[in-house]
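Produce the entire structure from the sequences given, and follow the hints as far as they go.
Protein chains: 2
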Amino acid sequence: MAELSAESGMPVATIKYYLREGLLHPGERTSPNQARYGDEHVQRLKLIRALLDVGGLSVATVGGVLAAIDAGEPTNEVLGVTQRALVGGATDVDEEARAWALDLLEKLTAAHGWKFAPEHPAAPGLITTLCTIRALGHPALLDRIQDYAMLADRIAEVDLDTLAAHPSLDRIVEAAVVGTVLGDRLFAGLRRLAQAAESGRRYPDGLG
Amino acid sequence: MAELSAESGMPVATIKYYLREGLLHPGERTSPNQARYGDEHVQRLKLIRALLDVGGLSVATVGGVLAAIDAGEPTNEVLGVTQRALVGGATDVDEEARAWALDLLEKLTAAHGWKFAPEHPAAPGLITTLCTIRALGHPALLDRIQDYAMLADRIAEVDLDTLAAHPSLDRIVEAAVVGTVLGDRLFAGLRRLAQAAESGRRYPDGLG
Numbered sequence: 001m002a003e004l005s006a007e008s009g010m011p012v013a014t015i016k017y018y019l020r021e022g023l024l025h026p027g028e029r030t031s032p033n034q035a036r037y038g039d040e041h042v043q044r045l046k047l048i049r050a051l052l053d054v055g056g057l058s059v060a061t062v063g064g065v066l067a068a069i070d071a072g073e074p075t076n077e078v079l080g081v082t083q084r085a086l087v088g089g090a091t092d093v094d095e096e097a098r099a100w101a102l103d104l105l106e107k108l109t110a111a112h113g114w115k116f117a118p119e120h121p122a123a124p125g126l127i128t129t130l131c132t133i134r135a136l137g138h139p140a141l142l143d144r145i146q147d148y149a150m151l152a153d154r155i156a157e158v159d160l161d162t163l164a165a166h167p168s169l170d171r172i173v174e175a176a177v178v179g180t181v182l183g184d185r186l187f188a189g190l191r192r193l194a195q196a197a198e199s200g201r202r203y204p205d206g207l208g
Numbered sequence: 001m002a003e004l005s006a007e008s009g010m011p012v013a014t015i016k017y018y019l020r021e022g023l024l025h026p027g028e029r030t031s032p033n034q035a036r037y038g039d040e041h042v043q044r045l046k047l048i049r050a051l052l053d054v055g056g057l058s059v060a061t062v063g064g065v066l067a068a069i070d071a072g073e074p075t076n077e078v079l080g081v082t083q084r085a086l087v088g089g090a091t092d093v094d095e096e097a098r099a100w101a102l103d104l105l106e107k108l109t110a111a112h113g114w115k116f117a118p119e120h121p122a123a124p125g126l127i128t129t130l131c132t133i134r135a136l137g138h139p140a141l142l143d144r145i146q147d148y149a150m151l152a153d154r155i156a157e158v159d160l161d162t163l164a165a166h167p168s169l170d171r172i173v174e175a176a177v178v179g180t181v182l183g184d185r186l187f188a189g190l191r192r193l194a195q196a197a198e199s200g201r202r203y204p205d206g207l208g
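As given, the protein sequences belong to chains A and B, one line each in that order. Residue numbers in the first sequence follow full-length UniProt numbering, run continuously in steps of one, and reach 208 at the last position. Residue numbers in the second sequence follow full-length UniProt numbering, run continuously in steps of one, and reach 208 at the last position.
Do not rely on the hints blindly, as some may be mistaken.
Claimed, not checked - In silico SDA-like links for lysine to any residue, alpha-carbon gap of 25 Å or less:
# : chain 1 : residue 1 : chain 2 : residue 2
1 : A       : K107      : B       : L151
2 : B       : K46       : A       : L142
3 : A       : K46       : A       : E77
4 : A       : K46       : B       : E96
5 : A       : K16       : A       : S31
Unchecked claim - Some, not all, of what chain B presents toward chain A, calculated at C-beta under 10 Å:
# : residue
6 : L86
7 : I155
8 : A176
9 : F187
To be verified - Chain B regions said to be covered by chain A (calculated; three or more residues, Cβ under 8 Å):
#  : segment
10 : 22–31
11 : 47–61
12 : 126–137
13 : 148–154
14 : 193–201
If you are wondering where the hints come from, they were derived from the structure by calculation, not from laboratory data. The structure presented is a predicted model; accordingly, all values stated were derived computationally and were not measured. Cβ atoms here follow ideal geometry from the backbone N, Cα and C, with glycine treated the same way.
Here's what the structure looks like:
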């Protein structure tokens, strides 16, 4: 345990907490108060910290994602758990607003050759986001949703390319989770830099 | 207060909490235990809930963003507070990794005509994300960073268009915050739908 702590740079108390929460597999017990930990434990600790600290997922969500990976569930099932956490859940949306959002999503997905079903793990979060944007009075964001969807298509091509190019395809489910969670963070950061550059071009004296 | 609760659909206890935390301005006092609330309070409550529930920001971060708006700080300052929350902070990254990430970001931003400084509010989160992706062994994501940056440029153009098209330009700072926070959520949701469609095209029998 002390060696695992030194190797991973994480305090023993933190590692014990992940063990208790079931995020980290127990080591191979070699005596009543000793256990052997291997490279897979170090890698798992890195993954846990990436999903918690960089991805911003909760301990409970990370536990659910890792349990689904360990159970050998199909990649799409594991991604579903991850996606629900990333896109958020449904908050109170009234029936009229929900119907409007579903109609908008159905038209959008038909135009892009996407399959959309209200059961898609991203659906509740998307419906809530669309209704919130409308309720706050930001129609301009919604007017350009076709452009955003077209760019989402372009980025999804790159996303799937990076997945296919992953060096260890036996761990494709882990790669898909990392690509999804850290891919969102990475793109959000690049979008910030690009927005700053575009804003500087359009408003050389600042936005006001 | 009871009317504000009915109008906004939020419990009185929640509204009182936002008042105590300084997120919501006090109403105009009309008697020792009565105050008048207006449309601006209803709109502010919507904005608070959007940033908390849909944006996933903490109460402290929302407080900081709203205080900066209320203080009339320049839009770029307010966006800086928002961006730090969205892209995340810096976690432990060793010097070698930080230097590698800074070098990568400097080359990337030079190629895209972006101005990059380590002081940019998005920088600590980007550096952490890049180092985490590298430490986890996902080089494919990094190999395609030029493609992601190019698509970030395209999306930033649409983002700035929607800001310019906003109906109430006197509230451009609020629009910029909402566009940033909800724009990230919206695009993450669309990316999920596009990924599902692209994955279905490439792997008709599932990802495994």
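Which of the listed hints are broken here? Violated: hint 10 alone.
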